[in-house]
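*Asks:* Given next are the chains, with one letter for each unit.
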Amino acid sequence: MIVVDSEPEVPRSTGGAREPLVEIDELVVEYPVSGGSVRAVDAVSLAIYPGEIVGLAGESGCGKSTVAHSLLRILKPPGEIAGGRILFRDQDVLSLPASQLRKFRWRNVSIVFQSAMNSLNPVMRIGDQFIDMFKAHERVRKSEAFGRSGELMELVGIDPARLRAYPHELSGGMRQRVVIAMALALNPELLIMDEPTTALDVVVQREILREIETLQRELGFAVLFITHDLSLLVEFSDRIAIMYAGKIVELAPARGLFERPLHPYTVGLMQSFPPLAGERRRLLGIPGSPPDLRAPPSGCRFHPRCPRAEKKCSIDEPRLVAHGAGEQVACHFPGEVS
Amino acid sequence: MPLPGRGLVTTASPLLEARSLSRTFDVGTGGLGLRRQTLRAVDDVSFALSPGKVTALVGQSGSGKSTIARLLLRLYAPTSGSILLGDEDVSSIRGRRNLRRYRSQVQMIFQDPFGSLNPVKRVGHHIARPLRRHKVVPSREVDERVHELLDAVGLTPPEVIAAKYPHELSGGQRQRVAIARALAVEPKVVIADEPVSMLDVSIRLGVLNLILELKERRDLAFLYITHDLASARYVADEILVLYAGQVVERGPTDEVLLDPLHPYTQLLLSAVPNPGAGLQTEELPERKQTVFAAPDAEACRFVDRCPFAFETCGSVAPQLTAARIEHDVRCHLFGQPTTSRGID
Chain A
1 MIVVDSEPEV PRSTGGAREP LVEIDELVVE YPVSGGSVRA VDAVSLAIYP GEIVGLAGES
61 GCGKSTVAHS LLRILKPPGE IAGGRILFRD QDVLSLPASQ LRKFRWRNVS IVFQSAMNSL
121 NPVMRIGDQF IDMFKAHERV RKSEAFGRSG ELMELVGIDP ARLRAYPHEL SGGMRQRVVI
181 AMALALNPEL LIMDEPTTAL DVVVQREILR EIETLQRELG FAVLFITHDL SLLVEFSDRI
241 AIMYAGKIVE LAPARGLFER PLHPYTVGLM QSFPPLAGER RRLLGIPGSP PDLRAPPSGC
301 RFHPRCPRAE KKCSIDEPRL VAHGAGEQVA CHFPGEVS
Chain B
1001 MPLPGRGLVT TASPLLEARS LSRTFDVGTG GLGLRRQTLR AVDDVSFALS PGKVTALVGQ
1061 SGSGKSTIAR LLLRLYAPTS GSILLGDEDV SSIRGRRNLR RYRSQVQMIF QDPFGSLNPV
1121 KRVGHHIARP LRRHKVVPSR EVDERVHELL DAVGLTPPEV IAAKYPHELS GGQRQRVAIA
1181 RALAVEPKVV IADEPVSMLD VSIRLGVLNL ILELKERRDL AFLYITHDLA SARYVADEIL
1241 VLYAGQVVER GPTDEVLLDP LHPYTQLLLS AVPNPGAGLQ TEELPERKQT VFAAPDAEAC
1301 RFVDRCPFAF ETCGSVAPQL TAARIEHDVR CHLFGQPTTS RGID
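Residue numbers (my numbering), protein chains in the order written: chain A, 1 to 338; chain B, 1001 to 1344.
Pulled out of the complex, with its shape left as it was, chain B reads as follows (with noise of 0.2 angstroms):
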């Protein structure tokens, strides 16, 4: 049953919004004679996420998916670049009654649904305290909340199941209530990183129509995070490809996974495991051998994989260009880089 909005904005302005978002680390001490590093686990992520819509963020381990949900959580701070929340600029905002005011707005559903729970405390607890918390609802009104939000993610009888310890319920389950969990403050946005990754495949569908239907019975903005392209299609209204920390492709889902532009894209779609294929059919061409002697810090990312590569890849680093209406790719291939650092 859908809960009473809280003045949900309504219209397709965006919720939250990432604009060139980037983060660094260093890596190396720089002691015992090491050179020190430093890693761009993000550079330039721009995106916006919208009332009643799903984004899936799509790529392998390391791309810097999970730090980018990190950094719109507030976890880390961004080196550079902003998050908006409507029009506050949050991404530097401080102290724990600030934080807190923004994360009862955006809201997350971690991975693993067995680590994320509290294995002493009964499932009403769980959902009682951030309605306690963020005073969602006055007092005696929180079990009837609990209640209703177990109901909302499909976890009946509530009664029952609120009693129940986190050890008494199977893995889907356990993904529920964090769902609920993520919920009781009443969210605009939630971000889910690999939600279903860790479920079992006959389960799994369940938990990924859980949110399909709270996106639209709740109007919530949804930041899918995974690497697997067939649940993100299943989910997403648009897609973003991430490669070791940038956007490499983006567009409305089936536009990029049907007809994918970015060579990155294409790789990983060929190697989603086909049923109606053999293994050894539909792959990429083999790469050619084109050795870029020495990469310059300029050179496309992809350049070391990529089968398509050309001399300027070696040396250019391609920017994020509309290729298609809505259809962005980050690719030499396509179009004219703003850029003509580097052309000989």
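This is chain A alone, in the form it adopts within the complex (with noise of 0.2 angstroms):
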């Protein structure tokens, strides 16, 4: 069904003792502001492990997409990467010079933006688009690429005459498949999604989710996706980190962070989604609002908005440690709140 030189399947892990695909080492991005600087990545370690589903969450300016762009080398100035190490198994990324970096892009990593449905040419056709982006990796004849782009289209469940449209003739959720065929082209080990079903509907996104995992499931390939909907990752990842002002507070097994979210934030986000069933009542949320991070609380940077806060919190900077199996957590009292 598919021409990209498919491994056999790889069963969806969540870490173990596998060697990981990516690994995300003391990751420091910085913003230049008047006066000194921004720390928009502050210390950002994650190891993503080839085949599984890493959801990265938090708030618009928590430093989530900053993460992923350092990782593409696609960050844009003036922010800059100030310290840490990105590995690709044993690739240095952060070295990488710029004639391994095009074939590192796409073909190692791709990504998929939040408006990539946008991002396609208005005034030429799907399939010259699939054409010119295949003639731009690698050497193929025309009708080859235009093989290759319908088998493509067939994965994610367009009808390759389709190839003959032009964009506005698809609908944003169609336009957005076609993106992420595309990603999917040079067969990559990690497809990076930013926010990608945000702009779409519910009923959408949800189809668009499970074509994803299906393919993900079918071709291997790791997932690091990045959203702000907790809830959306909860189904959808197997492992979440979750990012408040530049620093990871909590990484953990999806369904554990579900069922005993440790780190007051997590379980604030969780409480800001009101349900569709069960007792209406009146929910809190998180009081307060994140951070300016030009001059970020001292201590823990939460402890301003936190319910369990005390006089510790604000003085010292829990650090991201081991809280039982597979998790972790920085904060000081972690632990459900009563």
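None of these hints come from the bench; they were simulated from the model.
Take these hints with a grain of salt, some might be off.
[Unchecked claim] Residues from chain A shown here face chain B by an in silico Cβ test under 8 angstroms; the list is partial:
hint	residue
1	Ser60
2	Ile74
3	Lys76
4	Gly79
5	Asp201
6	Gly268
7	Arg280
Computed from a predicted structure; not experimentally measured.
Beta carbons: idealized from backbone N, C-alpha and C, even for Gly.
If you follow the hints, you should be able to join the two separate chains into one complex; please do so.
*Replies:* Put into structure tokens, the structure is as follows:
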């Protein structure tokens, strides 16, 4: 069904003893501002294993997209990587020369952006855009590229006849599928999805996520899924990392995180979604708003909004440490709120 | 602190009523050999907003929900049907003064709190302007009223906030400024078009809670327009589900969401992320591949996506009928259609 030389089925794994595909180690990203710099990403470490779906959640400005952009080396200036290391297998991503970067992007790691459906060229037929993409990355004949494009379209559930269509003739959901098909064209080992379905309807969003889940099982690539929608992540990921103000505050298997959130910020996020069933009652959400990173709070960055905060929290910054099996949390008082 | 009301209606009689509201748009100019087509963006929509009640209008993009908001604000004129404010038919009022008077009673909160505030004007200016324009209070009391309004939407200390520029506020704070501005003219009806969809999850609840609080304290009638069923359930007393410009289901919130009758409502509900279950659970049955060769103009608008569609659906337009007490649905699965056109 697919031409891309697919590996044998890789079981979904939550890590274990396997070698990580990507290892982000103490990544620091800074943006210069007048009179200093803002740390948008502050010592973030995260490993992604082959064939797993890792969710990265947090609010706007928490640094989640910046982590993804650093991984692909597509950070927009003036942002710059000020420290840390990113390994892809044994390759040091941050020191890749430009010539290899081109190969690294798309062939090793590809990305689907939030408004990707609007990134298609409006005056070119879908098929021609596929062919352009293939030609940019490898030497293929046009007819072969066209054939492979058709198979990719089938892969994401669109009639290959639509290769003749212009983008405006497809719905938003179909355009997003086309972009996903393109991202998978060179059989990458990691697919980064940066809020890929936020602009779509819930019904279409669900259809697309289910398809990605199926493709991921078939083709065995790993996924880094970035979103602010925690409820979506819990359903869709194997592991979830929660970011707050540039730091990972909790990292745990999805189910565990949902059933026993450890960090009070995670607890607050969970309680910010009104339920669709059960008793209707007033919810409180999280008081206050995310901090200004130009002047982050002392100690734990969440302490001004935290219901558990004590004096210690405003002085000592908690480190991300193991807590139970496979869970990590950066909090002086982790556990459930009574 | 509550502001003195201006003779608010306290009974539950409807404040703003839409009666068979319709709006069509011409798409395609008829030139270049293209067929002139008419899009029925809003088709025979009726509802009533009452004081102290939140009514939610739920639907996906393109369902016509924002067109309804614009019709109610008289930014568009209805093609047919009428809008009533109290006993007065306002669907054809004209002239700046009349429209201004109408809009002092019906206010709007927009989706984008970044785009709806002038970036070079301080917060205080945004709220003082409608107070002066509509002569809500004497000039010397404007500042005091600005502070009261900021306080009422939870922006404290008001003196400090009033002196800030929009860019100095967070998204949630900006949306609160937009709400304070809408409240300045002491409206009876507030139309909120996706007021929290651009806000971060952790601050959405704060704004939703503010809507609930204002509804209770000021006896406001709210129309809450959204694509998000969970937030609709959280704030609304009544829900209308919109599909392709038509109301397909309506009723008290929990009646509709816990016992959804229309297949579209069921589809919407099944698509909401539910962390308790998996992605694969509680799906609607696969759509039967019944082919409606040429669903004519009278076909149910949902027929192409409906897993339960049968022959009648392809030829007879379903009517909105009462399937339960206070619970209406537009679907042939429930009750008899009131018209019998096209039935063999």
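*Asks:* Hints first: check each against the structure and report whether it holds.
*Replies:* Here is how each hint holds up against the structure:
no. : hint   : result
1   : Ser60  : holds (6 angstroms)
2   : Ile74  : violated (24 angstroms)
3   : Lys76  : violated (20 angstroms)
4   : Gly79  : violated (20 angstroms)
5   : Asp201 : holds (4 angstroms)
6   : Gly268 : holds (6 angstroms)
7   : Arg280 : holds (7 angstroms)
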